[in-house]
Structure formats: C-alpha cells, structure tokens
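Asker: Sequence:
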Amino acid sequence: MDSKTKILNAALDLFIKEGFHGTSTSKIAKEAGISNGTLFYHFKTKEDLISKLYKKLKDDYRNYLLAHMVPCKTFKNRIKQLWFDCVQWNLDNSNCITFYAMFSNSPYIDNLSKKEASRNFDFMLDLFQEAINNEILLDVNVHLIMGFFVASVQATAKFVKDHPGHREEQLEQAFKMCWRSIANI
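Read in order, the letters of the sequence shown are residues 1 to 185 in our numbering.
Keep in mind that a hint or two might mislead.
To be verified - Here are the simulated lysine to aspartate or glutamate pairs, EDC-like style, with alpha carbons at most 16 Å apart:
1) Lys27 <-> Asp13
2) Lys56 <-> Asp13
3) Lys76 <-> Glu130
4) Lys17 <-> Glu31
5) Lys76 <-> Glu172
Stated by the list, open to error - Computed Cβ-Cβ distance ranges for the label pairs, DEER-style:
6) Lys44 <-> Asn184: 39 to 49 Å
7) Pro107 <-> Pro71: 35 to 45 Å
8) Arg180 <-> Asn141: 15 to 25 Å
9) Asn134 <-> Asp162: 28 to 38 Å
10) Pro107 <-> Asn134: 34 to 44 Å
11) Ala151 <-> Asn36: 36 to 46 Å
12) Thr38 <-> Pro71: 41 to 51 Å
13) Ser3 <-> Ser181: 39 to 49 Å
14) Phe121 <-> Val70: 17 to 27 Å
15) Thr98 <-> Gly33: 18 to 28 Å
To be clear, the hints were calculated from the coordinates, so they are not data collected in a lab. Where is the CB? At the ideal position from N, CA and C, for every residue including glycine.
Let the sequences and hints guide you as you build the complete structure.
Answerer: Following this line, the structure appears as structure tokens:
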C-alpha cells in the first residue's frame, strides 16, 4: 500500500473515532506509519487532506455503482438495481457514511468540494431526468427525486443494520416505498 493510501485510511479511521478537531496531522502520520513530512508532501494542510479524503470516498462510491450496473429493460428495474447497489454500498462502508455526515456539517466543506463530489453522481441525475422525460417518474425537480432516493437508501441501510433478519423482504418493502414516493403512478 502506498503512503498516500495509508494516510487516507488512517485519517478516515481517526476522524471517525476522534473527530476533525481531535485528530492532529501528527496522529494521522503516526497511525499511517509515515513521517509528518510525507503527510505534508501529499497534502498541503489538514483541510486539504479532509477535502481530498471526501472526494476520494465519493469517487470510490461512484466507481462501485458504475462497476455494478447491468443493462435493464425498464427504468424501474434500472432504478431498482441502482437503489439496491446504493444500499449495499452504504451497508459495506458505514465509516464512509459517517465521514460524509461529519464532513457535510463541518466548516471544512467548501463549495468546490461539494460541486466536484456531486458531479460524480451526474449519471444518476441523468437517469432520473430521462425517467421524468418519459413520464415514469414524477415531473418534479430532478434534485428533489435524488434527495428522496438518497434519503431512502440511507434510511433503509440504517434499518437493515439495526434490524437483522428478513433482509430480502425488508429491502423489497423499502424499495417499494421509495418507488411509490418518486414514480408517476
């Protein structure tokens, strides 16, 4: 594993455990097993590290979703497959989800970071817009559809994690609820 990856992994773990303010760059370097100089070679400041970690995690999420896409005949099946993949990624990457929440509500996030990371998910907005244009989804602002979709994914992942058992049934019921909230029925 290269030093930059070690730094990002250590930073994620420490930010989750100790928060942004409780985690110094020297702690991150020590946890990563590298020198402070190496950390600052890769990241100009702690803020730069936090912002780059956010972008990397968003890139990882996007890459996961794109790698799991399979052709589907209907918009509903394409959206369902995407929804299930999003839920699975959320379940498998709870540290990333915690970091997103911390970062999104912190002074470290800037408009550039937000815009760069959100561009990663333009393929989802495009899918939703195409479904709106074909009268499959409600004719509302595509960002509102995205918001409902994401909130449903997050709520479902939390529910499934907190209530083990009957997972497939829970997921099917949750998707049905999501679909009914955005579909042009």
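Asker: Hint by hint, say whether it matches the structure.
Answerer: Structure-based check of all given hints:
1. Lys27 <-> Asp13: The given pair, whose Cα atoms are some 11 Å apart, holds under the 16 Å limit.
2. Lys56 <-> Asp13: With Cα atoms ~14 Å apart, Lys56 and Asp13 stay inside 16 Å; holds.
3. Lys76 <-> Glu130: This hinted pair holds, its Cα atoms lying about 12 Å apart.
4. Lys17 <-> Glu31: Cα-Cα ~13 Å, so holds.
5. Lys76 <-> Glu172: Roughly 13 Å between the alpha carbons, so the hint for Lys76 and Glu172 holds.
6. Lys44 <-> Asn184: 39 to 49 Å: 48 Å, holds
7. Pro107 <-> Pro71: 35 to 45 Å: Given about 43 Å between the Cβ atoms, the range holds.
8. Arg180 <-> Asn141: 15 to 25 Å: Check passed, 19 Å falls within 15 to 25 Å.
9. Asn134 <-> Asp162: 28 to 38 Å: With Cβ atoms ~36 Å apart, the hint holds.
10. Pro107 <-> Asn134: 34 to 44 Å: Holds, at about 42 Å.
11. Ala151 <-> Asn36: 36 to 46 Å: 40 Å, holds
12. Thr38 <-> Pro71: 41 to 51 Å: 44 Å, holds
13. Ser3 <-> Ser181: 39 to 49 Å: 45 Å, holds
14. Phe121 <-> Val70: 17 to 27 Å: At roughly 18 Å between Cβ atoms, Val70 and Phe121 fall inside 17 to 27 Å, so the hint holds.
15. Thr98 <-> Gly33: 18 to 28 Å: 23 Å, holds
Checked against the numbered hints above, the structure violates none of them.
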